[in-house]
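**Q** Chain by chain, the residues run as shown.
Protein chains: 2
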Amino acid sequence: MNLMFISDEDRADLWRTHLLKQLPGLNFYVWPADSDVDKTTIDYVLVWKPAAGVIKQFPNIKAILSLGAGIDGITCDPELPTDKPIVRLVDNSLSQGMTQFAVYWAIHFHRDLGKYRVFEQHKTWTQLPQSDAAECRIGLLGLGELGTAVGQALARLQFNVAGWSRSQKSIDGITSYAGAAALPGFLKRTDILICLLPLTAETEGIINGRLLEQLPRGSVVINLARGRHLVDEDLLAALDCGHLSAAVLDVFHTEPLAPDHPFWDHPKVTVTPHIAALTFPHSGAQYIANNVRRMERGEAPENLIDLKKGY
Amino acid sequence: MNLMFISDEDRADLWRTHLLKQLPGLNFYVWPADSDVDKTTIDYVLVWKPAAGVIKQFPNIKAILSLGAGIDGITCDPELPTDKPIVRLVDNSLSQGMTQFAVYWAIHFHRDLGKYRVFEQHKTWTQLPQSDAAECRIGLLGLGELGTAVGQALARLQFNVAGWSRSQKSIDGITSYAGAAALPGFLKRTDILICLLPLTAETEGIINGRLLEQLPRGSVVINLARGRHLVDEDLLAALDCGHLSAAVLDVFHTEPLAPDHPFWDHPKVTVTPHIAALTFPHSGAQYIANNVRRMERGEAPENLIDLKKGY
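Top to bottom, those sequences are chains A and B.
If you read the first sequence in my numbering, its first letter stands for residue 58, the second for the next number, and so on.
If you read the second sequence in my numbering, its first letter stands for residue 58, the second for the next number, and so on.
If we strip away everything but chain A, and leave its shape as in the complex, we get (with noise of 0.2 Å):
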């Protein structure tokens, strides 16, 4: 069996030891380096963000599998054959991972934590009133498996959790709202809103000015999907006329985000690079070792991408 990795940001080796562990008759190679191999063999390509028209070069692979939850890096080839599965990554140490980000980030903001920095700053007593966690709404914007796993941590903390997705959900601890005309009523009831959508051609921009007023006064944005679901101005805009309190960016348009862009030293913006979940090689590899011995018996690979839906 002939796997080809393509990457420029994920570590090869790391995945050829891991993968090599759970498939031993495996022959992984590695894009551009091993480019000599006859690609007519290749049966799994294993990719993040290739370059335009790179995997149709793989006549007979059997599917495409990606290195992320999100598979708009592999969508967005505009010659990406259309008549291979898409598979996407569905990995524990992803939802560990944005679990972990988001409830930090909702206690810091529910708690006041960064209040608390400057008081130590300037070496300042004070304790500032502590409120119930069921009295902050948290909003979560998607209910996959990434929001569902975030929204259920947050719920088991105490917090008053809602998700807002395309179709109607029934998970427990989280108030679901479902569909275009449920927005309105779900932004009025966020105290901290979640961004956790896949990026599709009706979410591209969806955290716009529009969006952003229908929020209370003073609530937050945490954007933890990809940059191109938020509207950079609009955003700085509704910060900068004190609509909002503080926004929590680790995904933007253009990544590495550039020295000069505004976010950097906005003082009620926190950026971080793209790390709010980040997939560990070891159990990537299980997750990816078992839809290709899936395939091979010839079942379906389990989260196959749906592209009319677009995730």
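Hint data in this document are derived by calculation from the structure and do not stem from the laboratory.
Check the hints yourself; a few may be wrong.
Note that identical chains are pooled: a pair holds if it fits in a single copy or bridges any two copies.
To be verified - Computed list of lysine-lysine pairs in DSS-like fashion (alpha-carbon distance at most 25 Å, straight line): (1) LYS96 <-> LYS172; (2) LYS172 <-> LYS365; (3) LYS180 <-> LYS325; (4) LYS365 <-> LYS119; (5) LYS113 <-> LYS180; (6) LYS325 <-> LYS96; (7) LYS245 <-> LYS365; (8) LYS119 <-> LYS325.
We have chain A; now place chain B onto it with these hints.
**A** Coordinates of chain B only, in the frame set by chain A:
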């Protein structure tokens, strides 16, 4: 029914409002403003850090009700009557607050979020490896109400959690270490030590140089219990020689912490002003009213203190 409120740190007006909602027939007096009331008619004292000799002035009280989870601020009164039951406050707001605070700092250190804050200041786009929470070993000193709540929340977030207590415990997701003989094994496997012990003769000064040197190099100490659990100089020495990587301190020998105390400016120490968990009067009043009703019916109150154990 007559109750005397005795505390310089808690807001009498809020406690009056919330207690009267629960116990409409209650006469709520405040010390020392109401010191001319007939002291023999007082049924209960609701107290936090009363001055020495104040409580004994009320000869007919049925119980001493603590405004805090710890009762060291009451038992340190050398003239405390020994024949009156003492009841500590066990309230969801305390376990919720402690859980939030401990979870926040566990994620902070596990995910290197302090380093990302420095990266942001330098506009540096660097991704650090993300390890599995299961490889991050949290050790709770103390597995009472609060330690158990904190440990369970951390276990649900997939951290590797152990707890050390006087007697063996059986709590889902928490490895139990009990008694002095088990302390070295507990410390050896602990990357993040969180103290939630009661303050007793045995636990005073327990976080000293001998204990700290048994933690792995690079570990972190978080004290959320009482300042007197910690030997300040020993902690500073362990931080300065590089054995410990960080400390978060919410409690101190003297509070407020003196402006010239070295903790304030130490680059490895985070100081917070005893805010990990505050009591909400609205839920605390429900708990206290329930206990008063039990005692008025002749039943034992919940969470009666065992003065021999000291908690």
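**Q** Are the hints correct? Go through all of them and say.
**A** Hints, one by one, checked against the model:
| no. | hint | verdict |
| --- | --- | --- |
| 1 | LYS96 <-> LYS172 | neither (57 Å within a copy, 43 Å between copies) |
| 2 | LYS172 <-> LYS365 | neither (46 Å within a copy, 41 Å between copies) |
| 3 | LYS180 <-> LYS325 | both (22 Å within a copy, 15 Å between copies) |
| 4 | LYS365 <-> LYS119 | within (20 Å within a copy, 71 Å between copies) |
| 5 | LYS113 <-> LYS180 | neither (61 Å within a copy, 37 Å between copies) |
| 6 | LYS325 <-> LYS96 | neither (50 Å within a copy, 54 Å between copies) |
| 7 | LYS245 <-> LYS365 | neither (30 Å within a copy, 53 Å between copies) |
| 8 | LYS119 <-> LYS325 | neither (47 Å within a copy, 52 Å between copies) |
In this structure, the earlier hints numbered 1, 2, 5, 6, 7 and 8 are contradicted, and the remaining ones agree with it.
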